[in-house]
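**Q** Given these sequences and hints, build the entire structure.
To convert, note that position 478 of the sequence shown is 659 in my numbering; the numbers rise steadily by one, no gaps.
Take these hints with a grain of salt, some might be off.
Stated by the list, open to error - Below, a list of computed lysine to any residue pairs in the SDA-like style, where the Cα atoms sit at most 25 Å apart:
no.: 1; residue 1: Lys545; residue 2: Ala535
no.: 2; residue 1: Lys521; residue 2: Met439
no.: 3; residue 1: Lys260; residue 2: Trp322
no.: 4; residue 1: Lys521; residue 2: Asp760
Hints were generated in silico from the structure; no laboratory data involved.
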Amino acid sequence: MATKVGADSRVVAPLELVDFGLGPYLNQAPSPRFPVYTRGNAGEVYPEVVFPLSMTMFTEMGTEAGREAALRSGLITSKEVDELTAGGGIFGGYMYLNLSLARVIAVRSPGASVAEIDATYLGSEDVAPPHVSHPSDRNLWATLRGIRYGLRLIGARSLPVLDDQRDAVEVWRQALPDRATATDDELVAVLDGAVPHLVAIYAEHLAISGAAGLGVNLLRRSCEALLGDGSVALELLSGIGGVSSAEPSHVLWDLGRMVAADPALGAAFDAGLDGLADRLAVDPAAELFWVAFEEFLERHGCRGPNEWEMACEVWGTDLSLPLTLVDRMRQADDDHDPRKRAAQLLDRRRELLADVRGRLRGGKSRRLERDLRCAVLYTRGREEAKTLLVEIIHDCRLAARELGRRLAERSGGRPDDLWFVTAEELDDFRDDPAAFTDLVASRRATRDALAELEPPFTFSGEVPPVSTWARRSDVQGSDIAVGTVLSGIPGCSGIARGRARVVTDPSDPGDLGPGDVLVAPLTDPAWTPLFVPAEAVVVDVGGQLSHAVIVSRELGLPCVVSATGASRTIPDGSLIEVDGTAGTVTIVAMPGG
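**A** Below, the structure written as structure tokens:
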């Protein structure tokens, strides 16, 4: 293998196997210079405990891309980059982002603030430990470099680099071997060959994400200064179109309409989701649906819960996941059609823009137009870069699954044993899988134990001992009464009422259906189709760049994020009112009321 754990000597804290009292698992040492870390945003990308193979194999993706993105901004020095482990780290098996780094960037950026950065990543400035100033936080030369870099970002009108990267990925993909006939070495070569593309695109993703945050904050400030209302920025960013993570919902909607319009298909779904894929694949009455479904999988099969994690199931590997979403789509009313909603949003956005343009002249008008263009460009670009990364990871997933299947067939082990060895151990594991039986069982048990725990949302210095983490099954919300108002931050404007449906797993949406409000602990793109039948969305965590906010704006759903503890506090089935403009959730009636 070309990628080794800790192979880059410039990385201060290599990824290591550390015993937390549950057995050795992946961990890194926090940066003394940048000590505050958060699960904010990281929880959307890696919501679960990471796996040894994928994380050690793609360590270079984070370290090299993180270095490149930080140095490109000019706001972070090469010495400071050497004191980091990319822009985040793995602690107790969970992925974290480095909040201190983002805060220092804010300190060095004119007009920015630590509070704004916290709101972007956390949804609030009082969730994480306070920023402790360091003598080198202020750096005039870094600030000047950052200003020059920021001006280039603001002045951009397109992102041709993403087109170039997509072309390069397509060339790489066309050269991939047929998995069924490839040798084991060729399957491993797929993983190695993906790394350069992952590094390049992830570096761009990090840079674009920073630019998206800049654009959104600039637009909000401009709306406050020029229009007297910063919330107008939310409406100007609604229904912008071209958001790649929202695209699968359109196709799933069409599939859902096919089922709703065909009694035979409807009967197949009514018979239950267990074994549904097998029944549909051989049912002559489902032929047209199945062809359309396979086309959907070809284009969007890389998406799904925890889609950045190579070891996890996605829509293309577990067909019950997208079929569950189709089942929800078929029950939605026609007015939930995402294309109709998009058209309505576009009309409202055009009206608002016409009004705003009529109120501003000269430099004021140019300022708002510039900031809006910046926010829209990088919001779209961020989602496009994420999609590219997920597509490459899926190619790696399919190659590794085939390798795991073969090794299990030869050794009598399990196909997913492969995920529990590190990149350094892979060659030895291939030679003799049986020699790793006890080690794999131990790591599997450790991961299972960690998965039952709730990692701290933020920490400073050292992650709290795993022995102090709460068990997920023991985490309870406080008592709540009618009239209680939960506060978060506005994600998408509008007011809606509906029955709260608390969903913790997108593959098991429970009773979520038309007229309901989706309440979730966090969301990633796999949740997007569940937004379509909903009236509004409430999420425990998240900031202005979170997935829930971006997709809600595309679908025109009132959305509140950073509603701390909402999924544990709001009773399932209660009637709630979501005010996406004020950022509040009100309990109107208890279940059955």
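**Q** Next, verify each hint and record whether it holds.
**A** Do the hints match the structure? See the list:
A threshold of 25 Å between alpha carbons decides the hint, and for Lys545 with Ala535 the separation of about 15 Å falls inside it, so the pair holds. A distance of roughly 17 Å separates the Cα atoms of Lys521 and Met439; the hinted pair therefore holds under the 25 Å criterion. Simply put, Lys260 and Trp322 have alpha-carbon atoms about 14 Å apart, close enough for the 25 Å limit, and the pair holds. A distance of roughly 22 Å separates the Cα atoms of Lys521 and Asp760; the hinted pair therefore holds under the 25 Å criterion.
Violated hints for the displayed structure: none, as all numbered hints are satisfied.
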